[in-house]
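Chemist: Sequence:
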Amino acid sequence: MTSSEIRQKYLDFFAARGHAVISSASLIPENDPTVLFTTAGMHPLIPYLLGEAHPAGSRLVDSQKCFRADDIDEVGDKRHNTFFEMLGNWSFGDYFKTEQLTWWYQFLFEELGLDPQRVYQSVYAGSEDGKIEKDEESIKVLKELFAKYGITAEEGPTTFGKGEDGPGQEIDFSRMRIFPYRDKNWWMRGETIGEPGGPDSETFYDTGKPHDPKFGPHCHLNCDCGRFLEIGNSVFMQYKKTAAGWEELKNKNVDFGGGLERIAMVLQEKDSIFKGDLFSRIIAKIEELSGKKYEEDTRSFEVIADHIKAATFIVGDNKGVAPSNTDQGYIVRRLLRRAIRFGRQLGITQEAWVDKIAQVVVDDYALAYPELVKNKEFIFTEFKKEEEKFLRTLEKGLAEFKKIAVNGIDGVAAFNLYQSYGFPFEITEELAKENGITIDRAGFEAELKKHQALSRTAAAGKFKGGLADAGEATTKLHTAAHLLLAALRQVLGDHVFQRGSNITAERLRLDFSHPEKMTAEQLKKVEDLVNQAIAENYEVICEELSLEEAKKRGAMGVFESKYGEKVKVYSACHLKADQQPDIEGAFSQEICGGPHVKNTGTLGHFKIQKEEASSAGVRRIKAILE
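Residue numbers are given in my numbering: position 601 of the sequence shown equals residue 601, and the series is strictly consecutive.
Note that these hints are calculated values from the structure, not bench results.
Just so you know, these numbers come straight off a predicted model, no measurement behind them.
Beta carbons: idealized from backbone N, C-alpha and C, even for Gly.
Honestly, I wouldn't trust all of these hints.
As the list claims (entries may be wrong) - Distance condition first, Cα-Cα at most 25 Å in a straight line; then the derived DSS-like pairs of lysine-lysine:
hint	residue 1	residue 2
1	Lys162	Lys240
2	Lys403	Lys433
3	Lys551	Lys610
4	Lys385	Lys610
5	Lys524	Lys610
6	Lys622	Lys450
7	Lys285	Lys384
8	Lys356	Lys402
9	Lys252	Lys131
10	Lys285	Lys270
11	Lys285	Lys134
What the hints assert, rightly or not - Estimated spans, in silico, between C-beta atoms of each pair:
hint	residue 1	residue 2	range
12	Ala442	Ser280	39 to 45 Å
13	Lys449	Glu170	49 to 55 Å
14	Glu612	Gly216	50 to 56 Å
15	Gly408	Cys225	32 to 38 Å
16	Ser4	His495	32 to 38 Å
17	Pro213	Asp115	23 to 29 Å
18	Lys131	Glu288	38 to 44 Å
19	Gln580	Ala535	36 to 42 Å
20	Ser4	Gln532	48 to 54 Å
Take these sequences, add in the hints, and give me the full structure.
Modeler: Encoded structure:
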């Protein structure tokens, strides 16, 4: 069964059980400065898991694009990849444990034909203080389900703590199927009062790989030896954090996530995700380019395949980013340059080879993710530019590394490799590790901060106070972003819509639809319009309207987002004689969650710092308030 068939079967299975099929959200989170990428299927749905009503209903299903930068260094162990698809289904105060576990097992065993004899389950063991009980409800349902498929499932010994060492005793896996863990099977979003939490139940597949004693004397479900592979996790959000601990939620939610690549791996009876159909054509292309076989250097093949696929999805996203030295762009640069270095190890010496692998990725995912096809020219152009840049300095950088590495790499040397030869710190760190050399990360970070401080001072003069705190600064820039979008539409036309934004206490970044580079004259007009709007000292008015009413009025919004029936509309306008807002004469109207300043006159002077390409048909402006 192909991965595409698995994905479609999953969506169809849950759609037949009353779930609305929703599209994958962007890999680049909207207005969330806490994370760079969407890391799980639940990430874009957090507002609805916290109580907002989703416009599509209380049951949802999707296949979500995800990227986890933390796994970059893990790639090469046959089980980890940075980009993956998360099959997910959700219940917002609708069904709960019985339905979720029953449907998941039906899908695995009846739809996919997975062997129940090779499936094991973990459950929550209860809190150490006894205030949260063991998840007996899930254990009861699981025993009944295993019995339905002809298996007598006994409960195994409990693992306390974080679960790395297991229960500390030999386990009879022929009898035991259900294993309680404490910390390992408790999910919570955060420590803040009001945040949700609850037990989770993970599904594992027995690969049949013999236990390796170097990972401990006794194997268990979460053992790192690789025998058991997690293929899905059902999170039951049934508690809310309080000052005293946890209390039961009135409306309980289900959040399920399962890795498509891992499910395909076990169904296709492969011992590595890189041998499955989602990587087979990519691996074949690397073999063609290098003249080597995958088995000759699996790690290099896997790094190249994973990193170029991940970079293709990030750059090809509808909010795609180009390689750079900051934020998501730095991760793209790190992925591509690491792939190029491993390509050199494989003997790939031809120029402009990275985009050839990217083309395979685009072709493989064209039906599931058409944005890759739409944005492919931007992907290939950015990849070629990045490859050319790095190849110009790669050989010199490697020679410099050999020269300075004799006595270990201090922070200054590591920073010089980064600044002069384009080596992300992680590449230098990896080279040091391969050669048994120590490296000073703290020293590198100190040099980087010193360099950034000097750059800021040179570019903008020393910062002088005037803002009460970061919250006030961010709020001002948020309001300025609304004025900027309105000004862009006045200067460029009504084809301009917001395609993404990121606002910090120091600057705003706005991505917008426009097919070509803006001229200096256009930028000056936009800047002047925003400053005129600030000088007008408009009131910033918030109204709650129906979505239809907001659209009729002409309010801007990111309509790829899923809005509820009621939305907040912020308008920058004057007040009429009767003190009612002059909406018809408003400079700006946007659907938004806030916060904003009360009057535009408090913003200060608006200045555009940079205008550049973001992705195909999308431009990006970075601006500040002085």
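Chemist: The structure should be examined with respect to each hint, and the outcome stated for every one.
Modeler: Tested hints:
no., hint, verdict
1, Lys162 with Lys240, "holds (21 Å)"
2, Lys403 with Lys433, "holds (16 Å)"
3, Lys551 with Lys610, "violated (31 Å)"
4, Lys385 with Lys610, "holds (19 Å)"
5, Lys524 with Lys610, "holds (12 Å)"
6, Lys622 with Lys450, "holds (23 Å)"
7, Lys285 with Lys384, "holds (17 Å)"
8, Lys356 with Lys402, "violated (31 Å)"
9, Lys252 with Lys131, "holds (18 Å)"
10, Lys285 with Lys270, "holds (19 Å)"
11, Lys285 with Lys134, "violated (50 Å)"
12, Ala442 with Ser280: 39 to 45 Å, "holds (42 Å)"
13, Lys449 with Glu170: 49 to 55 Å, "holds (51 Å)"
14, Glu612 with Gly216: 50 to 56 Å, "holds (51 Å)"
15, Gly408 with Cys225: 32 to 38 Å, "holds (33 Å)"
16, Ser4 with His495: 32 to 38 Å, "holds (34 Å)"
17, Pro213 with Asp115: 23 to 29 Å, "holds (27 Å)"
18, Lys131 with Glu288: 38 to 44 Å, "violated (60 Å)"
19, Gln580 with Ala535: 36 to 42 Å, "violated (23 Å)"
20, Ser4 with Gln532: 48 to 54 Å, "holds (53 Å)"
The earlier numbered hints that this structure contradicts are 3, 8, 11, 18, 19.
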